[in-house]
Amino acid sequence: MEQQFPIVQVMNNDGELVMPEYREQITKELAMTFYRHLMRTRTFDRKCVSLQRQGRIGTYAPYEGQEAAQVGSALALKDDDWLFPTYRDHGATMTFGHSLTRILLYWRGRNEGCVPPNGKKIFPPSVPIATQLPHAAGAAYAEKRKGTKNAAIVYFGDGATSEGDFHEGLNIASVFQAPVVFFNQNNQYAISVPITKQMNSKTIAQKALAYDIPGVRVDGNDVFAVYFETQKALERARNGEGPTLIEAITWRYGAHTTADDPTKYRDQEESKKRRELADPIQRLERFMKREGFWDEQWAQSVQEEASREVEQAIAEMESYPEAKSDDMFDYVFAQPTWTIEQQKNEYNAWKRGSIR
Amino acid sequence: MTMAVKTNTLTLVQAVTDAMRTMLRERDDVIVLGEDVGKNGGVFRATDGLQAEFGEDRVIDTPLSEAGFTGAAIGMAVNGFRPIVEIQFLGFIYPAYEQIMTHAARIRSRTMGHFTVPMVIRAPYGAGVRAPEIHCDSTEALFTHMPGIKVVCPSTPYDAKGLLIAAIEDPDPVLFLEPMRCYRSSREEVPEGKYTIEIGKGKKLREGDDVTVIAWGAMVPVAMKAAEEAAKKGIQADVIDLRTLYPLDRDLIAESVQKTGRTVIVQEAHATGGVANDIVSIINDTSFLYQKAPIERVTGFDVPVPFFALEDYYLPTPERVLHAIEKVVKF
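Sequence order for the protein chains is A and B.
When we follow the numbering used here, the leftmost residue of the first sequence carries the number 1, and every step to the right adds one.
When we follow the numbering used here, the leftmost residue of the second sequence carries the number 357, and every step to the right adds one.
So that you can see chain A by itself, here it is in the shape it has in the complex:
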């Protein structure tokens, strides 16, 4: 299976281009764009971990180490495509155009964080594992029925492939030939459970065989490989060739969320080694240096710009108007039912002190 689904790599850990056919397409400008997004997403993620430690946001799910998988895939999308994320995919949603302030609001426990900017078809993060896969299949099928060329991408982890909804989603998308890309980030751990205990399959990509759809394994820390393979899958989708399963092999350096301690279930030396060897950002930096695309001053300005943008979003998040209790009553139905209306009125009357 590993031979049947080889890991696509465009540049190796040393930043060396190993698929020269891409040389023309990888312009300096493209490399700079990728680098900017990778730095932006990492800066945001690190800042969020620190905000959580300071009690300024709630429990947070970090993605550090997975930036290339998220940035490369999100940049392959077109403006009118759909994106169905999990709670660890805001690297992808912010790259696709979500507002940083709103992502922060999500982690501050605010529903406003589930509202994408106008015109952006970004679904709220799915918390129940793998349940978003059938949604993406359905939304993509709807695009096909409307006769558009729009596609959907849906993110999920390695653990999600053990859920029924993963298989039902792939099967339905395959039967409907829905224009959807199933983008798996195999970070090799589902909280504490390693991939070897998650499945006896050698790869995740091979699960595509069962649904007779293309299955692709990519080096998820190679932003170019992720980008080009996702682009190909999206093109197939737009051309009526149905869904694709992509397995992007990656690694999360940190905890599942800020509420757990990864040293309890794995040797963090491994994370250290992987960071030195295969970090997605350092790899791109090595590539850019080899190709003569690198400019130290520019790189510094990218970091500064990212920090500025994140700081501004934090300021907006912290000065955001307080959540109103009415909001929990007002959006359950288009028109509140009498039970909700009554509960809201009685609660407000109690708050005003008119019920004793």
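Source of the hints: derived by calculation from the structure; they are not laboratory data.
For clarity, every value in this text was computed on a predicted model and none was experimentally measured.
Every residue, glycine too, gets a C-beta built ideally from N, C-alpha and C.
Watch out, some of these pointers could steer you wrong.
As the list claims (entries may be wrong) - Over 12 Å on every C-beta distance to chain A, these chain B residues come out as not near it, computed from the model:
1. F471
2. T472
3. R486
4. K506
5. D566
6. R653
7. V659
8. P660
9. P662
10. A665
11. R676
Stated by the list, open to error - Per label pair, the in silico range of CB-to-CB distance:
12. P660/B with D261/A: 49 to 55 Å
13. T628/B with E346/A: 25 to 31 Å
14. Y551/B with M1/A: 57 to 63 Å
15. R56/A with E489/B: 17 to 23 Å
16. Y453/B with G55/A: 47 to 53 Å
Claimed, not checked - Coverage of chain A stretches by chain B, computed from C-beta distances (three or more under 8 Å per stretch; other residues unrestricted):
17. 104–114
18. 129–142
19. 171–184
20. 326–336
Model the placement of chain B on the given structure of chain A, informed by the hints.
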């Protein structure tokens, strides 16, 4: 002078088909999907002829995958369609429960109205037709308990059509429960074309001052039979068909129980945690001081719906309802 509306004599299941056909004609965004709904016309023939008329793109045979096609329908609803999902039997909805409860019912509130799920989930339910295990459940309370989805349960062909059309037009998810036992048990005149019955409104089937009998779905004929027997004994019952189980018709219930002061609730489902208990709460909240007797509930038991050799023992009968009526009247 009123315009004569053409009517047809239909069974409940035919009225359900008629509602879907009417709306498939009326709106391009309506689609029907589920297991065997296409060529076969559904295991109960509820979608009979629809695929032939509207094509495979609008009446879709899905894989045997309740979570999968319910989830896909959520994606379609969010993206501009109005899916009508058929779950073959209510007892087969459990694999889709996660999709309904964690997404369909919450997407509007989660996103503050940015994304919405205008979909209908139709499911035949209930015992009494000698069906195999799991084909006989009436678990409406699992859904009335969870916020974000309305639950409708008609008992007659006329109501079934009007309520299903209202459900299809509703901007939020609606679970539409069809009493299997009533599918072909009676016929009535059903107008052609489009009409709606407001979700959340019950109906008074019978007027009487002595006792209120409240029922829904397949228990409505049972309640009516008991009321007729009671009348022979000089007890006149108000009989209410709730028609919608969430939100309940508080005003209709209160108006009747304030008049009679005595109530019998007939529920096919298990007693604990059932809709009948919510009706008791409404009576408590609105009409406590009008009550002349403790409220009686005639329900299924707190046991799994039994295999059909035992289902007649499980199901409320007119005799049990009559007994409860006499008990509250004599209190």
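Verification of the supplied hints:
1. F471: F471/B is in fact no farther than 12 Å from some Cβ atom of chain A, at 7 Å.
2. T472: Non-interface label on T472/B violated, nearest chain A Cβ at 7 Å vs cutoff 12 Å.
3. R486: holds (31 Å)
4. K506: violated (8 Å)
5. D566: holds (28 Å)
6. R653: holds (20 Å)
7. V659: holds (28 Å)
8. P660: holds (23 Å)
9. P662: holds (29 Å)
10. A665: holds (33 Å)
11. R676: holds (30 Å)
12. P660/B with D261/A: 49 to 55 Å: Because 43 Å falls outside the window, the suggested range is violated.
13. T628/B with E346/A: 25 to 31 Å: The hint (25 to 31 Å, Cβ to Cβ) holds, given that T628/B and E346/A are roughly 27 Å apart.
14. Y551/B with M1/A: 57 to 63 Å: At roughly 59 Å between Cβ atoms, M1/A and Y551/B fall inside 57 to 63 Å, so the hint holds.
15. R56/A with E489/B: 17 to 23 Å: violated (54 Å)
16. Y453/B with G55/A: 47 to 53 Å: violated (36 Å)
17. 104–114: Contact hint for the stretch 104–114 of chain A vs chain B: holds, 3 residues under 8 Å.
18. 129–142: holds (count 11)
19. 171–184: holds (count 4)
20. 326–336: holds (count 6)
The earlier numbered hints that this structure contradicts are 1, 2, 4, 12, 15 and 16.
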